[in-house]
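**Student:** Top line first, the protein sequences correspond to chains L and C.
For the first sequence, the working numbering assigns the number 9 to the initial residue and increments by one for each residue that follows.
For the second sequence, the working numbering assigns the number 6 to the initial residue and increments by one for each residue that follows.
Zero decoy hints are in this set.
From the structure, some residues in chain L lie toward chain C, with a derived Cβ separation under 8 angstroms:
1) S64
2) E80
3) Y97
4) W111
5) V115
6) I126
7) V128
8) V150
9) L157
If you're looking for bench data, these hints aren't it; they were derived computationally from the structure.
Built from N, CA and C at the ideal position, the CB exists for glycine as well.
Here is how the chains run, residue by residue.
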Amino acid sequence: MAIETKHEIFPKNPKKSYGLVELVRGTSPITDKEPETTVFTWPNLLFIELIAILLSSVILIGLSMYSGAPLEEMASPDTTPNPMKAPWYFLGLQELLVFFDPWLAGVVLPTFIIVGLILVPYIDINPKGVGEYNYTNRKFAVWNFAFGLGLWYIMIIVGVYMRGLDWQWYWPWDDWEAHKPPSGVSLIDYSVILTQWGLSKAAAQGIAYGTLIGYFVIGMTIPFIFFRKFYNALGFVRYNLTMFLFLTQMGVPIKIVLRLVFNIKYLLVTPFFKI
Amino acid sequence: MADFFENLKNKIVETQVWKSIFRHGYPDTDTNRALVMFTNVLLHLHPVKVRKSALRIRYTWCLGGLTFFMFILLTITGVFLMFYYVPDTRSAYQNIKDLQYAIYFGNLMRNLHRWGAHAMVFLVWLHMTRVFLTGAYKPPREFNWVVGVLLLVLTLLLSWTGYLLPWDQLALWAVTVGSKMAEASPVIGYSGPFGKEMGMRVDNDIRFMLLGGTVVGQSTLLRFYVLHCVGLPLLATLFLVVHFWRIRKDGFSGPL
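Pulled out of the complex, with its shape left as it was, chain C reads as follows (with noise of 0.2 angstroms):
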């Protein structure tokens, strides 16, 4: 019995379709190993080997990881929550209640999503504590420490955006005290500081082109729905794929 799989999986491995789409073994050699690393696309941000040091759970505890985990999680549960959801003011709260009460895991898919947000925040606050902490911003390291401000900045901006989506009280008013502090922005703002000498109206200040309108509405609800599905995970996505190529080339900041 045993060889007759053994000889299964080795028509199996032999076949040419087989090899077009896996060009190592299982990774129990260490040929196998550092081939898996170096072919596969989705690994191959990896290193083929990595110091001792950097594997110590307590100097990194995984947490710039797990933020990139959270990230994925959001995305595939964005998803879903998206084949459903309309961003349209008349219907938009009840997609979210259909989503609650009436279709299959969409609870649990919401659910997720808010508590994936919350981690990723809280993740981003702590691995960047971590990352002061252990000097890992220091040189050569400078610019990726930028990026990962950016990134932190991009976050907030994401749970900014999805915080107005369910289109309930919650999300209509933080979005409406959002925007008075935009408003109140120097220069750009109709109220701020040198708002109204530099020519800024009500209809045509840093708060009109965030809600698309004077109050928070229909057009509102557009942007911050094309900006928290598109616009912003591009961008993330985009800082993600520096900041990661930059961990790569420049090294993990152990200590050999």
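Next up, chain L with everything else stripped away, as it sits in the complex (with noise of 0.2 angstroms):
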């Protein structure tokens, strides 16, 4: 037989309020911000969701209307599209196909841009501007943020709008139904260029390497020694992360420059890999 102990239940009052009450950390009771700058969901954020819903809904059935997803001809392993685009989003790839050879453009550099944007919230240690739009506080992060963002979006631009036949560069007002002829430039590579200038293979191979290594050696060094004040506030390996990606990234506007301005082909050729 179980025994029954009796708890003493007493009456609910109905003038307490019989909330929880914690101690909490900090230097003044958060009274003014808490509950009073919340509002319920339902309506509040539900309708604005609502809203959006509805309204993209609208664009999209209207453009649906409007313009239709095309289609081509059915696949053919025997004739191949002149040019061939790849989908908008993937055209910046593509176009990197031009300057860089596949295995980097196509595979290294987006898992570059990949593990980059991973590390981010991992090497970013400055505390500020979180939950605003706050540039003043984090210059370097928004440059640089910005300029990949903006190299990336001018890539898709190019390939969208600028590349006709044979993938040369065609202006809007060209005619793009004539294929354009094959520029007079021929590209040649870096240390070629330099036995041009009487050096010996060697040596030329040798100042490609050297070319390289020394942009990232000096790229890493600059900030170590004049900049010492960024280098304590990351710490070895987020500077190292940093100043790695941050090198590579400016490394590919350089290696673009270098092939229009000065026809470089390949700054380093290896057995394995050029570059």
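Combine both chains into one complex, guided by the hints.
**Tutor:** Below, the structure written as structure tokens:
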């Protein structure tokens, strides 16, 4: 036979709140902020969501009525379309193929972009600018991000609007139906240019290696010497990750300029890969 | 007359069936507004109350929510398309033609799927830009940014795998270009740096795995179909759940 223990139950006093009370760390109570700055999700947030959904649906249905998804001829391995363009969001990568080997343009650089993005919250340790559009306190971060994003968008715009037959440069006013004569420019490897200046092959290859390694070494060293605060704030690991990603990002437009202005095909040629 | 409807409503609302489904009245009182968030499985990812600052359009631009809506829209229109589409190189192209010209609302579904996909890619980028500019990835939200980047990658992969399905010229050659790039991967690709040294041949490297062969053909179409309709959406759903759960747990990043 179980023995029932009797608990004494006090009647509920309607004048008392019976709320949970907790001690928290802090210098002042936040009575001014919570909960007065909050509102009920229904209807305040849900109706905004509903309006956003309705508006975007209207826009999408309008677009679908006005302009349809393209469908070309049936797939055929025998005829290659010219130019062959990927969907617009991949045209940045396809544009990179003009300037880099496929393993760099298609695999390594996208991997760096993704890894770099993943690392962003771990290498950006500036505590300022959370929850607000803040430029003054995080200039380097904002500029760096804007540069990468801008580069990406420029490549896409070039790929969509400036590339025609044979992936040649076509201005909007050019005749897009006609083939352009192949450019008279021939691209030369950097080390070959050096041998033309009278250097031996080995020396030229050495300088090619030195240029690329030097770019990273000098790039890594300059902030270390002149902006020691930057280095100290980040610490060894974060500094090296940040600077490696930053220099690689800058290397992309540098290589593009080298090719466009100096007709340099590859900066470095090894038996295994070319950069 | 008004009394009649009032009585009818009360009769319905007080039945056992109704009460078993809805555990609260219409959310016009504070209690019911809280209960609707607690007891509705679709709404419970929201908090009961939100900060006023989180509602400012000029802070979020609704970008994350709209991206998720595109995902829903693509799932729904995609299921419609699956009723008619067979991933067979002999019929795939004709299925798309049927959708375009013969099936009621087939063209609308296809166009919505296409525009929704473009919109989703664009919205993911804009959302990421907004999160960066407002520093919303800073502690304690670092890992949710990582999940977000993975969702960006999944969005792009979903677009790429969907690209092959119409089996038109664009599809074939876009995937050919993409798989050529994969072939050039260092170490795991046949023609990439250190590929041959690692024992990669044309019939065992990453491109072969992707295509299910050495050329874009029937096995490629089936692989991409399964990835596009089942594999990647499941993965994306998993990461979306984590993404939303983290937002809920970490709180919204707006200023107090």
